[in-house]
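Here the structure of chain A is known, so what remains is to put chain B in place on it, guided by the hints.
There are 2 protein chains.
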Amino acid sequence: MPAYSSMEKTELSKELAKLEGYYENYKSQGLSLNMARGKPGSAQLDISNEMFYSITPETNFKTADCPDCRNYGGLEGIIEARQLFADIMGVEAKNVMVGGNSSLNMMFDTIACMMETSWGKQEKLKFLCPAPGYDRHFGITQYFGIEMITIPMSATGPDMDMIEKLVEDSTVKGIWCVPKYSNPQGITYSDETVKRFAALKPAAKDFRIMWDNAYIIHDISDTPDTLLNIFDEVKKTGNEDMVFEFCSTSKITFPGAGVAALAASDNNLAILKKRYQYQTIGYDKLNMLRHVKYFGDINGVLAHMQKHKAVLQPRFDMVTDTLERELADLGIASWTKPNGGYFVSVDVMDGCAKRVVELCKNAGVVLTGAGATFPYGKDPKDSNIRVAPTYPPIEELETAMNVFCVCVKIAALEQLARYTRM
Amino acid sequence: MPAYSSMEKTELSKELAKLEGYYENYKSQGLSLNMARGKPGSAQLDISNEMFYSITPETNFKTADCPDCRNYGGLEGIIEARQLFADIMGVEAKNVMVGGNSSLNMMFDTIACMMETSWGKQEKLKFLCPAPGYDRHFGITQYFGIEMITIPMSATGPDMDMIEKLVEDSTVKGIWCVPKYSNPQGITYSDETVKRFAALKPAAKDFRIMWDNAYIIHDISDTPDTLLNIFDEVKKTGNEDMVFEFCSTSKITFPGAGVAALAASDNNLAILKKRYQYQTIGYDKLNMLRHVKYFGDINGVLAHMQKHKAVLQPRFDMVTDTLERELADLGIASWTKPNGGYFVSVDVMDGCAKRVVELCKNAGVVLTGAGATFPYGKDPKDSNIRVAPTYPPIEELETAMNVFCVCVKIAALEQLARYTRM
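Residue numbers (our numbering), protein chains in the order written: chain A, 1 to 422; chain B, 423 to 844.
To be clear, the hints were calculated from the coordinates, so they are not data collected in a lab. Keep in mind that the hints are not guaranteed to be accurate.
[Said to hold, decoys possible] Distance condition first, Cα-Cα at most 30 Å in a straight line; then the derived BS3-like pairs of lysine-lysine:
#1 LYS62/A x LYS696/B
#2 LYS307/A x LYS484/B
#3 LYS381/A x LYS696/B
[As the list claims (entries may be wrong)] A few chain A positions that, by computed beta-carbon distances, are all more than 12 Å from chain B:
#4 SER28
#5 SER48
#6 ARG70
#7 ASP241
#8 ARG325
[Said to hold, decoys possible] If you want a taste of the chain A side facing chain B, the calculated C-beta under 10 Å gives, among others:
#9 GLY41
#10 LEU45
#11 TYR53
#12 CYS69
#13 TYR72
#14 ASN101
#15 SER102
#16 GLY120
#17 PRO255
#18 GLY258
#19 ILE271
#20 LYS273
#21 ARG275
#22 GLN277
#23 THR322
Glycine residues also receive a C-beta, built at the ideal position from the N, C-alpha and C atoms.
The shape of chain A in the complex, shown without the other chains:
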């Protein structure tokens, strides 16, 4: 099939009619498929089931700094869990705090803390939002009434020239980053990008980088990306207080019942703990212990991630293979082929993303809402769609992707037809 742009009007009409036939056929099947969120599928959940046996009534609940994990106390989490996350993030255990089941919650609380202790006292507040990005990050900033500025992404990370310029404005208080296997593009920031982040000289002393390392060890290919350790870099530039790093076991063990953690400088940890000491007596130490006993150490975690990779690799291959087969020649879409993370980011023809999502929905395939990957839910080009291939059973994923490709083509042809008429 040649590129649509090189086809005659009559050929395009014929192609559209054929695709509409396929579409009606899918529609009549009453499908109910979901590629909206980065949710692990059942096979991935089963991988960690043995963890339920890691705590029994016979367990010794005493650990190095906790007389009994069943009882109250331990605001920063048990030392064994802090060490495990320290090893994952490449920082010292003393700079790690282990929380509840949600790193999103820790990010929300961190933003709330900064609002209460510093940002909130100032009139105007702005945040930098590399986009496409994670909708829930943008949701938090919007909840707190912070103005969002979209930063374009490239293959090496967000536009650093733009960021270096914007942080000269003291009302710019921070930036959201998913530095490895970014949500949704799967981009890993280059060494240069990380070094430029570490060397930032923001006008605002309370400028903070929200380094959401959600996919820090979440490879899906045999040629995984590597990311520079931001804390190593900020140590060199004396910018240790500029970074909060977050990660969790949500996509390692159980999405709803994992353990989250943050890493921060001594100063920043002291600021957070001043708030946390009023907020809670301590997070669930039994779930921390359950994880620590199950994994043993970082090597146990890394071996575990290979099992996820085995489940995910064929799914991502199917998604990108289908896109390649169905769309590669047509000149109407481009996409990423990530080495890790949870998404494939597809850019359809400008002005077509909403239509594609609508067509898919009407055929029973739910995608993330078009625009969700941009601040305020507004994709200026209406072109980005986030595909999440992890949740549906693999046989349904194939159907879902076929439906998706048909919808991408139909939306493109409709668009071309409109232009042609004009």
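Same frame as chain A, but now just chain B:
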């Protein structure tokens, strides 16, 4: 032994010398005993150990409204857990949200939400604080910069005349209540008190009662107290939006790894959920499921509480028996004999609480800091001491209480000596 007030100066001196001898003896034993916090002891923790078996790899993780409790989702908690807490609090499941491991965290988040959505936009903010009360409540209010007004407690609850008067001030935004087995006095609000709360007509439309029902089913005597259901009462007065109720299984299963819940009107729940939807994808549903499967229903919970009662009753008896035996005749202290909860509240001679806590500490017995039970940590009479008899092994508890009584007597005699000199 006659009352100290009726004794001659020389008798008092002789008594003091004798007690100082006892005290030095205790001091030389190098004790390390802790009655500072309402922490369950090991025997209580063991009661719930079988709960670890309630989830295994063979478990069906699908529940009525959750396709898989291991995965993301379910902001309000699984319906089975909401129903269990609804039954405990006597409300409808639709008005319950189940959270993480800490009701304190839910209270903190509720105050934060009210600050962000309503209170924070106003210049001056005040909160009513029945005292003696729970230091962590006061900590939250202080963290958010809300001025605290102390409300005296009586045997029927806080001074309602004073409260009814104070809520005419629109800067008064709320009140902290532990309505059953109050912390630290073990007082249960009378029916009249609850009805007067429900009938309040605060000038501030955003006035909220923080009804921390931490000890809702935590009886320790054979003649338990009963508390009117606040939500039944506010329904009658049309004040449903005035109350947030909180409880948890922290003192039912595991203090560090229980499940917390709140009950609120439809309107209030909508306000909270508007925040929670940004804060988290959902709390730990596996721990909810673990609890639900372990207990079955409310009857399972109530039967379980009998086991705690069996552990706690002899401890509380020992504390009050020791106080009775050592101090009853002396006219230098009074105390409560609660039917439930986690504390015995002792009022020593005015101006002596700090000294008693200091004497105890120097003899190796740690008590809650004097003043902690009052806003800003300042007990105006310096007389209230919170005794927490649940944590130390029972044989140590006896020693700790003997030390405590010696210290109460010494502090009183020192005080009387000062007055006599004057």
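To see whether the hints hold, each was checked on the structure:
1. Restraint check for LYS62/A and LYS696/B: not satisfied, since their Cα atoms lie roughly 39 Å apart, outside the 30 Å limit.
2. Pair hint LYS307/A plus LYS484/B holds up; C-alpha atoms about 23 Å apart against a cutoff of 30 Å.
3. Distance hint between LYS381/A and LYS696/B is fulfilled; the C-alpha atoms sit about 29 Å from each other, no more than 30 Å.
4. The claim that SER28/A is not at the interface with chain B holds, since no C-beta of that chain comes within 12 Å of its own (minimum 26 Å).
5. With a least CB separation of 8 Å from chain B, SER48/A falls inside the 12 Å interface cut-off, contrary to its annotation.
6. Against the 12 Å criterion, ARG70/A falls within the reach of chain B, whose nearest CB is about 4 Å from its own CB.
7. Against the 12 Å criterion, ASP241/A stays outside the reach of chain B, whose nearest CB is about 22 Å from its own CB.
8. With a minimum CB-CB distance of about 31 Å to chain B, ARG325/A clears the 12 Å threshold, and the non-interface call stands.
9. Checking GLY41/A against chain B by beta carbon gives a least distance of about 9 Å; that is within 10 Å, so the hint holds.
10. Given the 10 Å rule on beta carbons, the hint for LEU45/A holds: about 5 Å separates it from the nearest Cβ of chain B.
11. Hint status for TYR53/A: holds, given a least beta-carbon distance of 7 Å to chain B, under 10 Å.
12. The interface hint given for CYS69/A is met, as the beta carbon of that residue sits about 6 Å from the closest beta carbon of chain B, less than 10 Å.
13. Interface hint status for TYR72/A: upheld, as the beta-carbon distance to the closest one in chain B is roughly 4 Å, under 10 Å.
14. Taking 10 Å as the C-beta contact cut-off toward chain B, the hint placing ASN101/A at the interface holds, the least distance being around 4 Å.
15. For the restraint placing SER102/A at the interface with chain B, the shortest Cβ-Cβ distance is roughly 5 Å, inside the 10 Å limit, so the hint holds.
16. The interface hint given for GLY120/A is met, as the beta carbon of that residue sits about 8 Å from the closest beta carbon of chain B, less than 10 Å.
17. A hinted interface residue such as PRO255/A counts as satisfied when its beta carbon comes closer than 10 Å to some beta carbon of chain B; here the least separation is about 4 Å, so the hint holds.
18. Checking GLY258/A against chain B: minimum C-beta separation of about 9 Å stays under 10 Å; hint holds.
19. At its closest, the beta carbon of ILE271/A sits 13 Å from a beta carbon of chain B; the interface hint therefore is violated under the 10 Å criterion.
20. With a cut of 10 Å, the hint placing LYS273/A at the interface with chain B is violated, because the nearest CB-to-CB distance is about 12 Å.
21. Evaluation of the ARG275/A hint against chain B yields a held restraint, the C-beta minimum of about 7 Å falling below 10 Å.
22. Nearest Cβ of chain B to the Cβ of GLN277/A: about 8 Å, under the 10 Å cut. The hint holds.
23. Residue-level restraint check for THR322/A is violated (minimum Cβ-Cβ distance to chain B is 25 Å; threshold 10 Å).
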